[in-house]
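**Student:** Letter by letter, the chains look like this.
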Amino acid sequence: MKKNDEKNTHGFLSNLIFMIREQWNFEKKGVIIPFIRIPSDIAVALLGVLLTKVVLDAITKSIPAYEFLEQIGLLTILLMILSYVSYYTEQNIYMNSVKIWNLHFYLKKDWKIVDMDYPLFASPAGKTKIMKSHQALNRNIYVNMVSFYPHFVELVKNLFGLFSFCAVLVFLNPIIILLLILSYVIHGLVVLYIEKWEHKTKDERAIIDRKLDYAVHCTSDSSVAKDIRLYNMKSWINTIAQIFLNEKLSWQNKIASKHFLQSLLETLLIFLRNFGAYIYLIWKVMKGEMTIGDFALYFGVITGFGQWLEQIIQRLRKLSTANHKVDDYRYLMDTEDMMRRNKGALLPRLDEPIEIVLENVSFKYVGNDDFILEKINLKIHKGERLAIVGSNGAGKTTLVNLICGLIEPVSGRILLNGTNINEFNRDEYYALITAVFQKVCLLPASIAKNIALRCDNEIDWGRLCESAEDAGIKGKIESLPDGFNTNLVPSVTENGVAFSGGENQKLLLARALYKDAPLLILDEPTAALDPIAENEMYLKYDDLTKNKTSIYISHRLSSTQFCDRIIYLDNKKIVETGTHDELMTLGGKYRQVYDVQSQYYRSDEEEKAV
Amino acid sequence: MINKSIKKDLKLIKRGCSIIRQLSPGQIELSLFKSVLNALIPYISIYMLAVIIDELTQNRNTTLLAVYVGVTCGGTLLLMVLSNLISKKVAIKEGMFEARFENYMNDKKLSMNFSQLEDPNITQLREKIIAGMFATDGGITAIVGRLTSIVEGLVSVIIAIIISYGAIMATDSTDSQVISVVNSGWFSLLLILAIVICIFITVKNSKKVDKKVFELYQDGATNNGYIEYYHYIYLEDDHAGKDVRIYDQKKLIIDEVLKKGRLPWLKIVNGTYRLHQQYFSVNLVISVFIGGLVYIFVGLKALAGTISLGAVTKTYAAIAKLAVAIAELSVSISQIRSNNNYLELLFTYLDLPVELNEGKEILTVNNDEWEIEFHNVSFRYPSSEKYALKNISMKISSNSRTAIVGMNGSGKTTMIKLLCRLYSPESGYITLNGKDIKEYDYDAYLNNFSVVFQDFQLLSFSIGQNVAASKEYDENRVWSALEMAGIDDRVRTLPLNLEQSLYKRFEENGIDISGGEAQKIALARAVYKNAPFVILDEPTAALDPISEAEVYSKFNNMVGNKTALFISHRLSSCRFCDTIMVFDEGQIIQIGTHTELLTNLEGKYYELWNAQAQYYQNKQEDSTDLNHIDDNEYSNI
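Here the protein sequences line up with chains A and B, keeping their order. Each residue of the first sequence is one higher than the last, beginning at 1 in full-length UniProt numbering. Each residue of the second sequence is one higher than the last, beginning at 1 in full-length UniProt numbering.
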């Protein structure tokens, strides 16, 4: 097992320091403003109960009308100002939260996802981290990790509020404070128990939600829609959706029952609190120890005290949820890259072909016993055009991923012009490679951005046109009303267009040509092209690879004939290597596959001869 | 005019309610009942506290006081327990509603015409509905919430007026000058006027905020799409992850996410808070002001001895609640009406006509006597000027094997889509055994086709279910279908065999399979269906040469005595077929057998064939000079 230094929990204090530091570095006022609200909010609460007492006392004492006017007027104005300040700052707190949420935490998380080492990113553990950090940040600022600091400040406020009301109650009877706190401790324990239960069952419920979500949304792709109709899959999908709807319902029932018990307890507590307060205060008034004004004041304070306590419990609960989410976020952010990120070896010139040497390279995935490649030795010469052939799953793509530096060999080493590639700075090394991978991944942005993969102001338009031209897609692009500014991914962008499979493949080629690096890798670049376009591509291949080292992967063996050398991958190893003619003469695996593929293209006479 | 729009609004709400009733019976009724209780509960304490204070200042009857306290606390307890009970039931229904509604929407989508699914206008409509639901809490989910707050507000307003009416209107003729002013009807009117003005401003502010927030969210729908796409599709995708690193897309992606997703979203959300800050803070100040005003007014009356102390507290509390309730009521009413914009979108969507599926005739399956004929069929995709198919006329009869070849975009797949009634021809018609295919029952008609599309999809459920396209499946038949497709050995090595789920989107222990393996499973699905008409669109594109050869050699077996239609870029496959049709720019330009077509050296088929075949013929002699292949070499084929 790999040694694991990462912690997935940090503890409350560490998270508090983390969140304050993040806020402080992002915007200092976000740390301070929440505290302004504390005194104004507590004053509003105190003045609220005081106002009633003043009114009632004034009436019982029959003070003069103008004096009454003066007192109430003054108190009202004070309350108006303080309420305003309290509300105004509350909105400021929300705005700060939204700001740091969108402009800091989300972007930092996104950056981490695109910046972390590829093996970490693509591993199941990495996927879990990414998913958890998503969940830490999605939904709204009242419940996600951003709510941590505001909830904390609110908790501080509630504690101060509680103390201030305590101070009033001490004059009445300290025992009341004890009773109230005791009752709410019981309530608090129940709330925390439920919170814990919810956190514990969170993953279990998330699985059901995810499955239900899939069953309901698996149809979102219109290519599925064809299959659904032709194979009448509607009832299949509905059955599965129904199963998980029922499971969700049973969870909802459990949750609702727990919450019902909790609210029942709360209701009972409020009943006891009010009942006790009434009896005690009425008794005091009857004994003549208390005016009606005091009666109203203390009743208000007891209720208020309860509400502070209630608030504290609520905040603790929310804070605990937010605390988990901060952990989840930090879990991703703390992931440390293994590849070289600091200054590495000096890069070779970008305008000269490079040499790649694989020495005894083996690879397997972490936690998997089976090797995908075993002891591969291969030298790709400067400017060589290498073809990689082999059956589905023979490890061709893995080999390319290794050369690209996306994944690292388990043993053996890969040298570029004699330097081990792990001695280069990771990102600088990528500059040496341009690649067309099999799967088409497009950005919901303009065609220009999709080819250049740079922000608008960094795009070299001349080169862009040239690359599109060479890839044979320029005509198509220029036939669109907005030309290179036309958006792709129509499901997201306005007036976006969708290209056909063949056009997408040409777009990816344009992307590779635009980058123009010394090593060109093409992974099945013609699978979706018609014969004519495929042939055009072959004829251009010479031009495309001029002054470059290139690697070409294809199932169509016709394409291998204009490569300088072919390697045949089978069963984790390179089993044959040579030119087309050499391999044909050798009469091994390659010959066998070539014969299988070519038999249909030969005339009957030739077929008999073979 | 106004009357008419109210009528229309009510009609929309009514229809929304009937959908909610259908999906979640009892939710509306229970929620409304709960809102009445919630409105009622605080007034018990407000009213009874006044009674207790009055008793304390006057008679101080112990028994009566005990009864009052009992009524206050007991009554509140009783109603709150009842409210909790209903809350529990409502919470379950609310928790389920979103999923139920999505399932309902999905059901609609599953039964929709395919052409509608691909129609960008309809896609946009659906996006708007979903975005409205999640971003702005608009649409069907909002109805119950708005209705309950209207009811709660109404009940609250009525009780507040009843409670405060007595104290405010109380007059008494006394001699003192100050007191007579306080007790005059004019004074009461003045107070009412002041309250009305204050509430009026409050309501206006609330409505203004509501309207502006609605406007803010109006163009928020597409922004949300960007965020969703990046977070759930692009950033999590392993393949995209490779592109991102090799092409150093980091800066571009963060820039796009920021500009197209985060900043617009920030503008909307913080715009909302800023509006709250601007207007609701004023409302809050006004409500405090009303409170003070009421205290002064009733306090002066109490000083004059016109009303009791209890009346002072309850009037103050009631008016304070009144101001809040009216503001909320007005907002809720305007919200439920603006929410109708979302409802209208939803109903437009639900009411989309289903035109292709209207045929009634049940087709009898018979392998021997088939004839499909295209009669002058032309077709353009919606929102496209160019004809994808133009005046296609052709015949496909039973027991035949037809290959369709042509360049990208020549209309091959479109022809299949029309045949499968995913689209209907713009002009011309297609017949099956002489009858327009539209007249057959849709499901029964499609039952006769086993199709593997180029962009086929497998779902993340188990392999067995995928092959059978249903929850239940016949294991033996699934195995033989897998064998026919040449993937049975691979499935047998899997720990769960047929129960093994594909990919990881549904089951965490699902396995990732290669494109070639997926294609074989899709083939097995077509075999399992065992329909008399087999259509394969590029069935071997992702397969390596050996697997490709395997599929070809099993092709005869798979098709048996069925009718087969075959699209491929690898022309070698055409040699299996009796007839080859060459498509070019939406038209059939050549029909014939492989040998026939190759004799025409000017023809498209020859060009296509040669583009590929040159690399496989007489290689040893001719491997260096690709660009100059002597046509004559092949002319004798």
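Careful, some of the hints might be misleading.
Each computed DSSO-like pair below joins lysine-lysine, with the alpha-carbon atoms no more than 27 Å apart [claimed, not checked]:
#	chain 1	residue 1	chain 2	residue 2
1	A	K343	B	K251
2	A	K476	A	K439
3	A	K258	B	K208
4	A	K474	B	K562
5	B	K208	B	K251
On the chain B side, residues computed to face chain A include the following (Cβ under 8 Å) [stated by the list, open to error]:
#	residue
6	T123
7	Y229
8	H231
9	G299
10	A518
Calculated directly from the structure, the hints in this document are not laboratory data. From the three backbone atoms N, C-alpha and C, an ideal C-beta is built for every residue, glycine too.
**Student:** Are the Cα atoms of K476 (chain A) and K439 (chain A) separated by 27 Å or less?
**Tutor:** Holds: K476 (chain A) and K439 (chain A) sit about 21 Å apart, inside 27 Å.
**Student:** Regarding the pair K258 (chain A) and K208 (chain B), is the alpha-carbon distance no greater than 27 Å?
**Tutor:** violated (40 Å)
**Student:** Can you confirm whether the C-alpha distance between K208 (chain B) and K251 (chain B) stays at or below 27 Å?
**Tutor:** violated (40 Å)
**Student:** Given a cut of 8 Å on the nearest C-beta pair, is the interface hint for H231 (chain B) held or broken against chain A?
**Tutor:** Cβ of H231 (chain B) sits 6 Å from chain A, so the hint holds.
**Student:** Has the given pair, K474 (chain A) with K562 (chain B), been kept, meaning a C-alpha gap of at most 27 Å?
**Tutor:** Not OK: K474 (chain A) and K562 (chain B) at ~43 Å, beyond 27 Å, violated.
**Student:** Does the nearest C-beta of chain A fall within a distance shorter than 8 Å of the C-beta of A518 (chain B)?
**Tutor:** Because about 10 Å separates A518 (chain B) from the closest Cβ in chain A, which is outside the 8 Å limit, the hint is violated.
**Student:** When the nearest CB of chain A is found for G299 (chain B), is that gap smaller than 8 Å?
**Tutor:** holds (5 Å)
**Student:** Would you settle whether the hint for T123 (chain B) is holds or violated, based on the nearest Cβ-Cβ distance to chain A being less than 8 Å?
**Tutor:** holds (7 Å)
**Student:** Tell me if the straight-line CA distance from K343 (chain A) to K251 (chain B) falls inside 27 Å.
**Tutor:** The hint holds at about 20 Å.
**Student:** Next item in the hint list is Y229 (chain B). Is there a CB on chain A closer than 8 Å to its CB?
**Tutor:** holds (5 Å)
Comparing the model with each numbered hint stated earlier shows that hints 3, 4, 5, 10 do not hold.
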